[in-house]
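A.B. asks: Listed in order, the protein sequences are those of chains A and B.
For the first sequence, counting from 1, position 359 maps to 358 in our numbering; every step adds exactly one.
In our numbering, each residue carries its 1-based index in the second sequence increased by 34.
Since the hints were made in silico from the structure, they are not lab data.
Check the hints yourself; a few may be wrong.
Part of the chain B face toward chain A, derived, beta carbon under 10 Å [as the list claims (entries may be wrong)]:
# : residue
1 : Tyr141
2 : Ser144
3 : Cys146
4 : Phe152
5 : Leu170
For clarity, every value in this text was computed on a predicted model and none was experimentally measured.
Even for Gly, the Cβ is constructed at its ideal location relative to N, Cα and C.
Here is what each chain is made of, one letter per residue.
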Amino acid sequence: MASSNSLMDSLFQRSLEDLIKGIRLQLHGESSFISKSLDEIRREIKSTDLSTKSIALQKLSYLAALHGVDMSWAAFHAVEVVSSSRFEDKRIGYHAIAQSFNDQTPVLLLITNQLRKDLNSSNEYEVSLALECLSRIGTDDLARDLTSEVFTLLGSSKAFVKKKAIGVVLRVFDKYPDAVKVCFKRLVENLESSDPHILSAVVGVFCELTTKDPRSYLPLAPEFYKILVDSRNNWVLIKVLKVFAKLASIEPRLAKKVADPICEHMRRNVGKSLLFECIRTVVSSLSDQETALKLAVARIRDFLVDDDPNLRYLGLHALSIVAPKHLWAVLENREAIVKALSDEDPNVKLEALHLLMAMVNEDNVSEISRILMNYALKSDLLFCNEVIASVLLACSRNSYEIIVDFDWYVSLLGEMARIPHCQRGQEIGHQLIDIGMRVKDARRELVRISRALLIDPALLGNQFLHPILSAAAWASGEYVEFSKTSYDIAEALLQPRTSLLPPSIRAIYIHSTFKVLVFSLKAYFSAQDSTSSPLVEESTNYVSSLVNAFTYESISSLVDMIELGLCSLSGTLDVEVQERAKNVLGFTGMIKHKIIEKVTSPESVIEASRAVAFMEDVFSEELGPVSSTAQEKVPLPDGLELNENLEDLQEICGEFLKPVVDSNSNSFSSSEKISFSVAKLRISDQLEASSSSSSHPPESASLLAEHRKRHGLYYLSSQKSDDHDDSNGNNNNTLNEYPPANEILADSFNPKKKMNQSKPRPVVVKLDEGDDIKMKPDGSSNHEPLSRAIQTALMGKGKEKEREKDNPERSLDSGTKEQSLRKDKKTKKKNGEKSSKHRSRRRSDKDASAAKPVDIVDFLL
Amino acid sequence: MIGCFGRRYDMLDNIHFVLLVSRQGKVRLTKWYSPYAQKERSKVIRELSGVILNRGPKLCNFVEWRGYKVVYKRYASLYFCMCIDQEDNELEVLEIIHHYVEILDRYFGSVCELDLIFNFHKAYYILDELLIAGELQESSKKTVARIISAQDQLVEVAKEEASSISNIIAQATK
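Put together the whole structure using the sequences plus the hints.
C.D. replies: This is the structure in structure tokens:
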């Protein structure tokens, strides 16, 4: 029964061609046809007839290659097919194996003997099939077991077999480093082969080997040099150049030696691929050889103006390799690079952009940015944003190292925001704030630009630009003292179209309005009683020109406008917006009343000005930039378990929603325990003002205390901080002891910059200082092993480490390989005496070069 | 998971894979020299054909892709793509592609897409003579043509034997 089935199968089996035709006929439902065919294949592949089986396998590999069908289940059948005596079957089998096997395929062990048999076959085509298969699937075991066969084939008289064997050696070495002991000598001998195909194959192998570990192949430099000078085969020369690119980077004297022949090749009229390889070798490894470099740069210039986009791209690419060491080469080709910015190929454009950014320095930054902004305006969305991102990155590098004129830069940021395709709002907004905090001198311009951005109707509708608006709103509120008229700012912040913004940004707008209001009121009051108040003096120096700007009318119209703008928001759904609006409204309600009364009752004026003075204090603390590593520097306090299960959070949240009983009574006693020192710092600054009149901070303090009492679990222990505060009371000390913000310190060492050093650390959400000091050494010692690990990783060969991560076993292998390579050379040295004349010459090279690398060059000379 | 998109430092291959894709996005040939699982293979094909088919005619023949370079060239309705490392020579790979196309042309006699569709295995065998372990191994067109036809003859002889009536009868009565 089984045999008749099999007969039916073999007589009526669909061939590969039938299958292909069948699939092509399916207009729809290709997949159902494929699954039907797969069922057929599953049946046929079990046939006892090998040719039926092999056709089934062939169809399966077709489906796997082009239609992504899984064929791992047929691994055993593939092994069966390979054992066929017919060449066609064997070929199908080996092809399927190469296509579907991997290191984990379980039947892999079964093919060792078959491979051995075929490697020893008298039919060179069967040998070639086995070699090809081995080159693709060779595992550690296969490589070990078949090394001797490969070794024999390396000496084959048939060039066809020999060159394939050479190709396979690469895989064998990689998997079974001990094979080096056996095969390396024969491989090296082939470097002097007169057959160009053999030479090409063996140079290819060395090219790949050298990429992994150049140092081991340094002794072979004379052989490679000979090929470099003598060969006229492009493929071979390209590989040899790659070898020298690696060798010359570890042996500078070699660079000097090979520069001449490489120049020779560049002067000859060679193929573009070889010419490019010469250029790349020179710019990457021989860039200290002046004549070679000049010649290479001249060739690059030809590439840049060529009609072929490939050459233009590669020319730019070569320039980008040479840019870090020899910027002149890039500067020389500036025009071509700028021209490439308008190339139709995005790859070319990007490459040109990167090069332009490499050129940027203090002197040309404004010019280059000007050019790029023009391109950004004209180009498509993708490239436009690429341009903007590059400019932002280049200008902000090392805390705005290359920027001298910050007024210009701030206005450039404003311009970027107006480019229609701009989507980099996040970064632009971030830089606006960052500059505001870091660079005092830029604040006037920053406020000017911010207002211009706020009133630009085009920006409100673009959600990518909202971060810019939020930054502009913040900056215009925070640095309102630099504005010409605060009324305009308030008007910009309150414009009706702000309703287009998301609530989180509206909240920032409202808060900035608050700051503007407080500033204006203060200016007004100081102008009113310039005789008595001591508060005026500290601020007169910068406000003096504005003090008189506020009359009774102007201040009340400002207050009116704010009230009008915000009253509609007091009923809004978003809590943050609502709350902030209500805060401001409450304040205006109080103040307005006092201002109107001012003529009748002088006390109310004093009261009002006190209240304003207090609010002013709240906002007067200047924010400084925060180091990106600041968070890491805050040590983990003892009792804090960051990974603790927060199950009871639910309960606490529930509690939180219940109305909190306001108790003013215990406010002062409990405020001493508060670990959040925000309020405290303000209080100690202006102790009198706060303690006498305003009730705000004690109230908030009492709420904090209340909260702390109930949820003590989530607070850090405050004991130490309090002790510490008590002992040295004043803020400056504690500020100094706080971990410094890295970037700012670095800035202060650089005299070139116009940067003003701002306060090292903002005072917001500061945690216990006492703990901080105690923990500091602890923290750094925690980092030590990590940094040591990173250092070792950086010092070791990056590649090796990466590989280790990927596959620890393999990297061990390569380690042993290096060793064995060296061992191999040693053994060769020992055997040298009894070997032929030819070999002893090699031995002497090797001895000499192994002992002193200098001798390579001597030999070459 | 590192497999597909992490760099494969363990492989020494020059060329990581070869893809032939038609202008309509149909895959005509795939050859993987670096280990990619079946799933990754489909993903790579989808991603790359999306990138390459959308590129205009006058652009350069290189695409940067996941830290590799893909060199492609269009011949009639077919895109020939080869994936290499950043440091490899793009122009050389273009020459290899051209070389391959010329050999196909010689073998099929002015090759067209249909030839490759119906003789897909032949296209593989020719590629295998051209590249081994992702390295160019044979730069002479004549030699490749000779080797391939010699192997074809081997197959033909065997086929004649197998399809003889006596053989089928022998099979049936086994």
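A.B. asks: Against this structure, judge whether each hint is valid.
C.D. replies: Structure-based check of each hint:
{"no.": "1", "hint": "Tyr141", "in the structure": "16 Å, violated"}
{"no.": "2", "hint": "Ser144", "in the structure": "21 Å, violated"}
{"no.": "3", "hint": "Cys146", "in the structure": "15 Å, violated"}
{"no.": "4", "hint": "Phe152", "in the structure": "6 Å, holds"}
{"no.": "5", "hint": "Leu170", "in the structure": "6 Å, holds"}
In summary, the numbered hints that this structure violates are 1, 2 and 3.
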